[in-house]
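Chains as they are written, first to last, in this note's numbering: chain A, 116 to 506; chain B, 658 to 870; chain C, -14 to 190; chain D, 8 to 392; chain E, 296 to 517.
Hints are computed from structural coordinates only; laboratory data are not their basis.
Where hints are given, some of them may not hold.
[Unchecked claim] Below, simulated BS3-like cross-link-like pairs (lysine-lysine); rule was C-alpha separation at most 30 Å, straight line: (1) C:K140 to C:K129; (2) C:K157 to D:K314; (3) C:K9 to C:K77; (4) E:K297 to D:K321; (5) D:K319 to E:K397; (6) A:K496 to C:K77; (7) E:K350 to E:K303; (8) C:K9 to C:K84; (9) C:K9 to D:K198.
[Stated by the list, open to error] Output of the computed footprint for chain D on chain A, the stretches with three or more beta carbons under 8 Å from beta carbons of chain D: (10) 187 to 196; (11) 294 to 301; (12) 428 to 440; (13) 498 to 504.
We put the beta carbon where it would ideally sit given N, CA and C, even for glycine.
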Amino acid sequence: MTNMLDQVFVLLKHRIVGLVPMPVQPILGAVLSVVAILAVFPGLFAISVLLERKGLGRMQNRIGPNRVGPLGVLQPVADGIKALIKEDLVPYSADHVVHFLAPVVLVVVVFMGYAVLPMGRNMTFVPMDAGLLFYFAMGASAELSIFMAGWSSRNKYSLLGAMRAVAQMISYEVPLLLSSVVIVMMTGSLSLDKIVEVQNQYTWGLPHWFVFTPMGFAAFVMFAIAATAETNRSPFDLPEGESELVAGYFTEYSGFKFAEFFLGEYVAMLSISGLGATLFLGGWSAPLEILNVVPSWFWFFAKIMVWICFYIWMRGTFPRLRQDQLMNFAWKFVLPMTLLNLLVAGLWRFMGEGWLRWVVCSAILLAAYVLGGRIGMRSKKFGPRSYRYAE
Amino acid sequence: MGLGERSFDVAVDPELKIELGKQGIFVTTIQELYNWGRKSSVWPMQFGLACCAIEMIATTMARYDLARFGAEVFRPSPRQADLMIVSGTVTKKMAPQVVRLYNQMAEPRYVIAMGACAISGGPFKQGYNVLKGIDRYIPVDVHIPGCPPRPEALLQAFMTLQKKIDEQSLTGENRPRYLNVDAPGEFPVPEQGEHDLVPASNPNVWTVPVVIR
Amino acid sequence: MLGEGLLKGLGETARNFAGSFVSKERLTTVQYPEEREPLPEASRAFPFLVYDGADWEAGLRCVACQICEKECPPKCIYIEKSKDKKPDYVGKPQIYPAKFDIDISVCMSCQICVEVCPFEAIKMDNQFELATDDRFGGLLYDRKELARSNEYYHKIHPTEAAEVDARLAEEKAKAEEKAKAVAAAAAAKAAPAMAAKPAEGAQPQ
Amino acid sequence: MSESLLEAWNRPPTIEVDGEGELLEVAMGPHHPSTHGVFRMDVVLDGERVIKLKPVFGYLHRNHEQIGQTVGYLQMMPYTDRLDYFCSLTNNWAYALAVEKLVGQAVPERAEYIRVILAELTRIQNHASTIGFLTQEMGASGTPLMYAFREREKILDLFESLTGSRMMCNYMRFGGCRVDMTEAHLNAARKIVTGLPRFIDEFENLLTSNEILMARSQGMGVLKPDLAVNAGITGPMLRASGVNYDIRKVDHYGIYDRFSFRVPLGEHGDIYDRYMVRVLEMRESLKILEQALKDIPAGPFIDPKAKIRGFKPKPGEAYGRIEAPKGELGFYLISDGGTSPYRFRIRPPSFINLTVLEDMCIGQNVADVVVVFGSVDIVLGEVDR
Amino acid sequence: MKTVEEIKTAIETAVSGAQLEIVPNGSPSAEHSLLVDAAHAFAAAKFLRDDAELKLDFLSNVTGVDWLDKETTEKVKVTRPVEKEVNGVKTMVDETVEETKKTVTPGYLEAVYHLYSMAKKHGPVILRMRTGNRSDKVELPSLTPIWRAAEFQEREVFDLFGIIFTGHPDLRRILMWDGFKDYPMRRDYVDPDDYEYEPTAHDDVLKRAQAHLAATTTEAAQ
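Isolated chain A, as found in the complex (with noise of 0.2 Å):
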């Protein structure tokens, strides 16, 4: 029964794909994939953005949306309407397809990003063996259309805006991908299949993810960092800081192609929680063993939006880093920490099983991060301070 429940998309798609001759089933398959990533991640995207609404609200001793349907669950619903019946304004001086395409290119990009994440047991649409590879490439390709968009506007707002979030998603791809290569290290394999069915054991009903692991969680850590400023979210948001640049690469977009920006950042937003879940927190994989009995698909959608959660919070406490600063913080401190990282993983392999290695990992990635911290805070001069009085 409870294999049942787990297997039941992967054994309603074969029941579906076995209605129709041989030759077109592997296309009926990949179309059934598809259309199944189409509905249900726009869906989490609806989700997440009344959970960010409501959120946010409630961290602010208010209420957030609530008028529209009951508890406010249609807000999201109206709000595509609304950007489907408004007018689509595009600059004059803009270059009009590129201005066109660039939202498209986004969309198309970080839908393509699912296709090698293991939703559930079975449940990867393409288990490709260099999937991780894959997905940073599919990752990389955001940029791109970030880049069309600030250009094609001809704003000096959408410009500044693209090139900053162009230069800030390059800088934190690096420790993005380091702080992968740790678990690629641990697992010896590129595979996100295998990544999981690594993870997928336990111990004392403890299950063997790799953030429990010391490196496993400075890289979790890292990896945290590196895709919030990867997805340009708070406090990473320079590319869209509406202080200084109204509203960064999309200024100029309005109506439907916003709404597809808008799109595109959540659904990249859940699909990058969906690589660190895989990577870090055991992907489908129950937290305890006696949990097993909860479908795994339903525990890669609960880390997901533990992960979007977690966004949420930090976007309701934390102001933005200017875009010196993020530089300086990625290519001085989480890059330094990655590498070290990487060091501390092949320590790790080289010391055998046995309490002694988990005790000198730790202790140099806390010491490497603390005395890093410190310098780095003494290096820029800023601490706490005391104040003086006048009577």
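Please build the complex by placing chains B, C, D and E on the supplied structure of chain A, with the hints as guidance.
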């Protein structure tokens, strides 16, 4: 961008509709869906002028929470905004910018003139640099008197606007302005002359009743 | 340590998030159209004209003295005096406003008209839900739209209205006393005159 | 004027532009979302670095001074509310002070206490909102601002129940106040004052040690004390540069000499110092409030003999100034013996504090310009009048 | 702090040739001010800032004031020879006649500076400068090189009153737009005619509104 004279409405008897609704069947028309989408997702432009802007900010804050209506998404870019809340005194130096911003907004767009100054120049109307009401240049949907109006008054105006949107039909006399092919989409931006704005008002949107004293 | 302040901040927002489900202090939203905070008594929006009795036109306290028109800082009041007179609340014949317009699209709710009015005729309303799409018709209030009964005044500003009523009653009593005194004096004067009258009348023309 | 004379004058530093980089001219404003209100900055950028910045004013020039010369003395009072629309009560006080100085009107003791209580409450809500807006400029999605406004609403509730209006109080009169502050109002004020320290702690928890805020604000927008004095900077901005000048302490206007409070001073004169000086000032204001609410005497709230309207001061002039939350707010009145002043001049702290905006921004990143601008704490109603 | 008289003598000794005058203040505040001639104002101001005892390092406020041409009518008794017939003989007789005499004192623009000391915490010292007239001689020396605080305020005075501050580094309009031609704070300024809708007009506004109505109706009739 007119939709022509053909009616999209599917006539449904209102009583029948309520009856169906009781049984869990909801009937809707394109027009209703259209208006519902428009009115439920009005994103204001992040744009404040004077004192009233503070009350506008207060409206979005925890106590009054404009977000309940789904309108907390203050868009900094006019392209993505639906509603311009003219919150405060429009000076003659600022008026061309306001009109320009309005021109940059995508249809459907609405304007709320918040506060005495935005409606008529308010207490400052006899000054040399104060425009006597923004409706001299752009069409205003809802006026809120008050100096400044309370946040609740802005919420009430917001609901008035929603009601107004809801009552519009897609065709016929009552259709919104932008669905009328003949209605202007761009409003001329006044120039700053040597003594005053030129022209002093846009006669297409500003016709004054004569008050004889 | 790097990140300490960030964690503290996250803790603070988390506290508010959780608190918003339990404590009223952390969920301060008043859901306006359905729930409303009671307006404080002193709250003011736009002026109205007080009338006594049931007939608004007859009971207007305003005597069209035009002080408020002159003192109004943005000059949003327009008054035309009547040609004839009608009795006021003490019964003295007074001029009344033939026209009393307030342009609430100009009014700055400063309350100075209320302060300067010697007749307690103009007071501040607290009705603020006045949004309208009618620019010219909906925002220029004439005296009919401005007139509110004294009961309404009592309802929105109970303490102040009670004070005003007491003061007016006192004035009225004084005026009546004075009137009585005058009448008595007149009567006293009239008495000898009356006595003299027949004699006068008796005098042949 | 010879060049040698100009030497003494501290012009903003000019910056060498290195390389062949193209200069980018950006007009920030007047509707730019960051400038809370309508204000334009013409910025010349070399990459993202600011090399020139010219503020453009006047988008909210509402002719206050002209109005002040056409309406009577009393009629100007509600207009002063609309100068710095965050702090109407301190504006009222400054204007009342100037007129009282012009006509030689004394103020009863209770009224002075009421004024101090209201002015300090105004200062607290202004500083809290300013910090909220400052973090907004840094990109916090409104959370600190929401918390600030949560407290501000409590203070505004008191203002409304006392004066009748949330923002435009029109409360003070020449020789006192318009209505009395009853025991209920005082209790409400006491309740607010007991609740505020917790709020400030919360605020500080959220912001003071936040690394992002520190990185964004420390060492940014530095203002040197000698330039600050020369450029006539006043208020928290001046004190953040380390100059000890608080008009409450210097002029002892009202009854400020009766309260014990300290003046916090910054050392670096950067954005963080401006932020911290405001936080510490809020705490000092709470001290003043506690003392004032304890000591407030009974008595008349307005001089019964004071003339409120229609008076004609003797020909002459007076300059009255107070320490408004944003700096020195002064009113300069010249009377020619008529019912309205011959010349009515407002000395706006926000406007003059912007004199050094260019100096603070030059060499900074363009993203910091809005933060520096936010740290000045201006209200456009007062800048342009 | 020194009294105004002492400051006056101090300036006179420090700046040779400076002509100073104390402008009395009739109000109870009794803050008398110093009128300094435009030619020596800069040196005097520099002295006030740098003098060790005064150290007026803080310029608080710059105000422009417009004083209109004043037409004073006074009744004067004039004695002049009048031809008179006395007893049929025409003779010149001196006679005192009462005449109304009109004297026009030319107006001027004035800049008022309020100075304080942050170092010594005293003040104010009020400094005034006057232009020659209201039309062509409207130049005054700028004190911006001495106090940066004057930069925007002098620009404002220039914008609204039309005093030209020589030596100001950036004298442009500040509040009104660049193409604006008038000086709106001058007392003889007439604002543009936008009195189409004045439902509560009285006094001056009513006159303007009626004039506007008359103008538009004749325009329509033509």
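Practice item. Starting from K157 of chain C, check that the Cα of K314 of chain D is at most 30 Å away, please. Key: holds, 27 Å
Practice item. Verify the proposed pairing of K9 of chain C with K84 of chain C, using a straight-line Cα cut of 30 Å. Key: violated, 49 Å
Review point. When you check the alpha-carbon spacing of K319 of chain D and K397 of chain E, does it fall within 30 Å?
Key: holds, 27 Å
Exercise for review: Closer than 8 Å, Cβ to Cβ, for at least three residues: run that test on the region 428 to 440 of chain A against chain D and report holds or violated.
Suggested key: Since three or more residues must qualify, the claim that chain D covers the region 428 to 440 of chain A holds, with 11 doing so at under 8 Å.
Point to revise | Given pair status - K129 of chain C, K140 of chain C, alpha carbons within 30 Å | key: Holds, because 19 Å separates the two Cα atoms, which is no more than 30 Å.
Exercise for review: Count the residues of the region 187 to 196 of chain A whose CB lies closer than 8 Å to any CB of chain D, then report whether that count reaches three.
Suggested key: violated (count 0)
**Study point:** Pairwise hint evaluation, K77 of chain C against K496 of chain A, where the allowed Cα distance is 30 Å at most
**Key:** violated, 81 Å
Check your understanding: Is K9 of chain C within 30 Å of K77 of chain C, Cα to Cα?
Key -> Between K9 of chain C and K77 of chain C the Cα gap is close to 56 Å, so the pair fails against 30 Å, i.e. violated.
Exercise for review: Below or equal to 30 Å on CA atoms is what counts here, so check K297 of chain E against K321 of chain D.
Suggested key: holds, 26 Å
Review point. Under the criterion that the straight-line Cα-Cα distance not exceed 30 Å, is the pair K9 of chain C, K198 of chain D satisfied?
Key: holds, 16 Å
Check your understanding: Is the straight-line distance between the alpha-carbon of K350 of chain E and that of K303 of chain E 30 Å or less?
Key -> holds, 15 Å
Check your understanding: Do three or more residues from the region 498 to 504 of chain A put their C-beta atoms closer than 8 Å to C-beta atoms of chain D?
Key -> Result for this restraint: holds, n = 6.
Consistency note: the structure conflicts with the earlier hints numbered 3, 6, 8, 10, 11.
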